[in-house]
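Construct all of the structure, not just a fragment, from the sequences and the given hints.
2 protein chains.
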Amino acid sequence: MATHIHLHSLPSPFSMHRGGRLYQASLAYETWGRLNADKSNAILILTGLSADSHAASHDAQDTPGWWEAMIGPNKAIDTNQWFVICASSLGSCKGSTGPCSPMPNSGEPYRFSFPDLCLEDIANASMDLVHALGIEQLHAVIGPSMGGMTAQALVLENPGASRYMINIAAAMVSRPFSTAIRSLQREAILKDVNFKNGHYSADNWPTEGMKLARKIGMLSYRSAEEWDERFPRSLRQVPNKPFGIEFPVESYLEHHANKFVHQFDPISYLYLSRAMDWFDAHAHSQDNGNPFVGCGLHGAHIIGCRTDLLFPPHQQKELHTTLNAAGIDSHLQIVDSIEGHDAFLVDTDTFSPLIREALHGGQRHPGALSE
Amino acid sequence: MATHIHLHSLPSPFSMHRGGRLYQASLAYETWGRLNADKSNAILILTGLSADSHAASHDAQDTPGWWEAMIGPNKAIDTNQWFVICASSLGSCKGSTGPCSPMPNSGEPYRFSFPDLCLEDIANASMDLVHALGIEQLHAVIGPSMGGMTAQALVLENPGASRYMINIAAAMVSRPFSTAIRSLQREAILKDVNFKNGHYSADNWPTEGMKLARKIGMLSYRSAEEWDERFPRSLRQVPNKPFGIEFPVESYLEHHANKFVHQFDPISYLYLSRAMDWFDAHAHSQDNGNPFVGCGLHGAHIIGCRTDLLFPPHQQKELHTTLNAAGIDSHLQIVDSIEGHDAFLVDTDTFSPLIREALHGGQRHPGALSE
Chain A
1 MATHIHLHSL PSPFSMHRGG RLYQASLAYE TWGRLNADKS NAILILTGLS ADSHAASHDA
61 QDTPGWWEAM IGPNKAIDTN QWFVICASSL GSCKGSTGPC SPMPNSGEPY RFSFPDLCLE
121 DIANASMDLV HALGIEQLHA VIGPSMGGMT AQALVLENPG ASRYMINIAA AMVSRPFSTA
181 IRSLQREAIL KDVNFKNGHY SADNWPTEGM KLARKIGMLS YRSAEEWDER FPRSLRQVPN
241 KPFGIEFPVE SYLEHHANKF VHQFDPISYL YLSRAMDWFD AHAHSQDNGN PFVGCGLHGA
301 HIIGCRTDLL FPPHQQKELH TTLNAAGIDS HLQIVDSIEG HDAFLVDTDT FSPLIREALH
361 GGQRHPGALS E
Chain B
1 MATHIHLHSL PSPFSMHRGG RLYQASLAYE TWGRLNADKS NAILILTGLS ADSHAASHDA
61 QDTPGWWEAM IGPNKAIDTN QWFVICASSL GSCKGSTGPC SPMPNSGEPY RFSFPDLCLE
121 DIANASMDLV HALGIEQLHA VIGPSMGGMT AQALVLENPG ASRYMINIAA AMVSRPFSTA
181 IRSLQREAIL KDVNFKNGHY SADNWPTEGM KLARKIGMLS YRSAEEWDER FPRSLRQVPN
241 KPFGIEFPVE SYLEHHANKF VHQFDPISYL YLSRAMDWFD AHAHSQDNGN PFVGCGLHGA
301 HIIGCRTDLL FPPHQQKELH TTLNAAGIDS HLQIVDSIEG HDAFLVDTDT FSPLIREALH
361 GGQRHPGALS E
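Residue numbers (the working numbering), protein chains in the order written: chain A, 1 to 371; chain B, 1 to 371.
Hints in this document: simulated from the structure, not taken from any laboratory.
What you are looking at is a predicted structure, and each value in this text was computed from that prediction instead of being measured.
A portion of the hints provided could be inaccurate.
Treat identical chains as interchangeable: a pair holds within one or across any two.
Computed cross-link-like contacts, DSBU-like style, restricted to lysine-lysine with a CA-CA straight-line distance of at most 35 Å [claimed, not checked]:
#1 K75 / K191
#2 K196 / K317
#3 K241 / K196
#4 K259 / K241
Here's what the structure looks like:
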């Protein structure tokens with residue numbers, strides 16, 4: 001698998017949105033399919049907070065990626081047709097430079113000396129990679145969740161960067177409810193006794209804080225409706241200690257939290273989480289005008305999910321309306337899935353045709369509720 | 001204020017729903033108005049998890065109660081007409097016997113040796129108080145939130161206990177989403193380094209766990225919609241340390257968490273929170289029949305709020321439908337308030353007429369959405 005990961009060196013220094021600079025920074029990335037002769041078939045995928053560059057497997061021996069069902073030969077993002085790029089986000093802990101990377105001068109991890117990170121930085125680093133691959137303009141940028149905000153940052157910071165945008169389960173700005181969830185996740189990590197202001201180690205890991213952070217996040221990833229179906233009360237177990245795990249939803253949260261806790265770096269999590277809260281597409285507008293005027297998009301497909309608690313449908317509607325008002329041919333599709341914010345990851349039957357058609361300029365799919 | 005609090009001694013032993021026994025236990029309670037000659041004007045109010053017996057002030061010098069706007073002369077629950085009773089829940093830390101009370105034999109706090117607590121125990125202890133006051137049958141039991149589940153336990157455990165039930169922002173059973181929220185609250189407390197398996201002290205209080213528990217709860221008390229109105233991004237502040245408080249919703253959560261942290265006992269919180277998750281009205285039915293058959297209610301008013309995340313409207317609808325199917329004249333009212341689960345506490349203009357009319361056998365108020 002590792003042989004499919006490439007490293008792109010960013011300009012040194014790499015100037016950041018809030019004024020910081022990174023030296024000798026790099027992005028880990030993977031590609032699928034082949035760039036065509038006129039370099040017009042490139043698609044950039046921008047990831048959610050905890051995902052990495054491994055969006056899909058590269059061959060039968062490879063491990064599945066986080067969007068395996070969507071990307072590959074003859075799949076919705078058809079790698080026989082498209083040249084697909086996915087990088088690990090700048091600031092993440094999945095191979096690209098982030099707060100747990102060694103500083104070039106000392107070899108010590110950056111920790112909190114890592115500069116303020118914005119989604120604009122993730123977008124601009126990704127765009128630098130795109131240019132380095134010889135691509136002048138993307139056919140499409142696709143971003144789910146945090147990636148949907150990063151996709152907006154990309155087209156706002158780099159006019160003409162992409163002809164199309166497919167923006168999934170995201171919003172133009174972080175609203176207080178989703179900020180509150182992320183704030184409590186950060187608090188759980190920061191307050192863990194093992195966090196020690198970032199000086200944790202593999203032996204003294206802020207395990208409980210990371211677990212609680214993951215569990216708080218999971219409150220918003222699916223939906224109450226889906227959990228009603230998934231967890232019948234009949235599955236209650238006898239706890240092995242007072243106030244131990246008893247309810248099926250508790251086992252589920254514990255299982256996923258345990259899986260997550262060592263898969264992500266705590267400080268990286270803090271930086272990326274805050275970057276989402278800082279994002280505001282409106283801040284890119286001149287004089288409170290429409291920020292998307294002049295961004296060069298030919299069209300956009302904005303996809304939301306009826307049961308998404310983190311980025312509910314009215315937020316995709318706001319993005320759609322704003323794009324249309326900027327003269328961009330935007331299509332809004334709110335899918336009727338019970339799988340909430342995560343629907344794009346799991347409800348392949350609904351999302352595959354939507355994304356396939358969006359990449360071909362298709363308009364609306366009868367399976368989705370259009371507005 | 002303290003002069004208005006009375007103490008009712010429960011039978012010793014007091015037998016509990018899951019088999020435990022309490023000795024020399026008592027309930028702290030307050031009353032308003034006067035019991036009429038035929039003892040037909042009594043109303044019992046069952047509280048939410050963190051509320052106490054002080055539902056309203058008793059005179060102009062008194063401090064306001066948690067439902068001050070609703071209870072008093074000429075208010076919706078008119079104390080010129082009704083004799084109103086409110087007790088601090090058994091198991092709470094507000095004057096009634098609970099896990100932080102001294103055990104009669106040793107004087108040491110019960111801590112985890114407090115017997116398993118169910119909402120049925122809170123209901124039955126309250127009913128013992130009602131009987132001790134010489135009341136055979138309540139005119140109405142009113143319960144919001146946890147109190148709404150306790151009100152169901154009361155009429156299910158004590159057939160004929162009340163002629164009417166006003167059940168607000170509650171459900172027949174705890175669903176996985178609300179259980180998950182409560183489970184994470186419990187986890188935050190249990191994992192606090194100062195919790196020490198219940199051997200915390202005033203000097204070593206599980207402050208951070210209690211704060212985080214409160215904040216997690218607050219995610220579900222109002223609504224994303226209300227927070228959008230309340231917290232404009234323009235109110236962002238400059239944090240005084242990395243990842244310090246910056247967003248207005250963070251200040252709000254911090255403020256309320258700090259207020260709460262010493263107002264409630266951590267173990268009491270665990271016991272009451274779990275009691276909610278254990279509650280299941282269906283478990284009171286014979287052979288999976290309708291649990292409310294034979295409970296003796298003449299009528300019920302079930303009130304929910306469109307934006308309630310913790311107990312969303314379909315859960316009040318289930319209660320309403322079940323009551324009707326049991327031959328009880330039930331009325332369902334889903335109010336269109338943006339104040340979520342807490343609407344009953346704050347949206348007085350909407351709730352006052354609903355509750356006033358419900359107490360007089362009134363049917364539907366034009367201000368609410370009826371189903």
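Taking the hints in turn, this is what the structure says about them:
no. : hint        : verdict
1   : K75 / K191  : neither (44 Å within a copy, 45 Å between copies)
2   : K196 / K317 : neither (42 Å within a copy, 48 Å between copies)
3   : K241 / K196 : both (29 Å within a copy, 15 Å between copies)
4   : K259 / K241 : both (22 Å within a copy, 31 Å between copies)
When each numbered hint is compared with the structure, violations occur for hints 1, 2.
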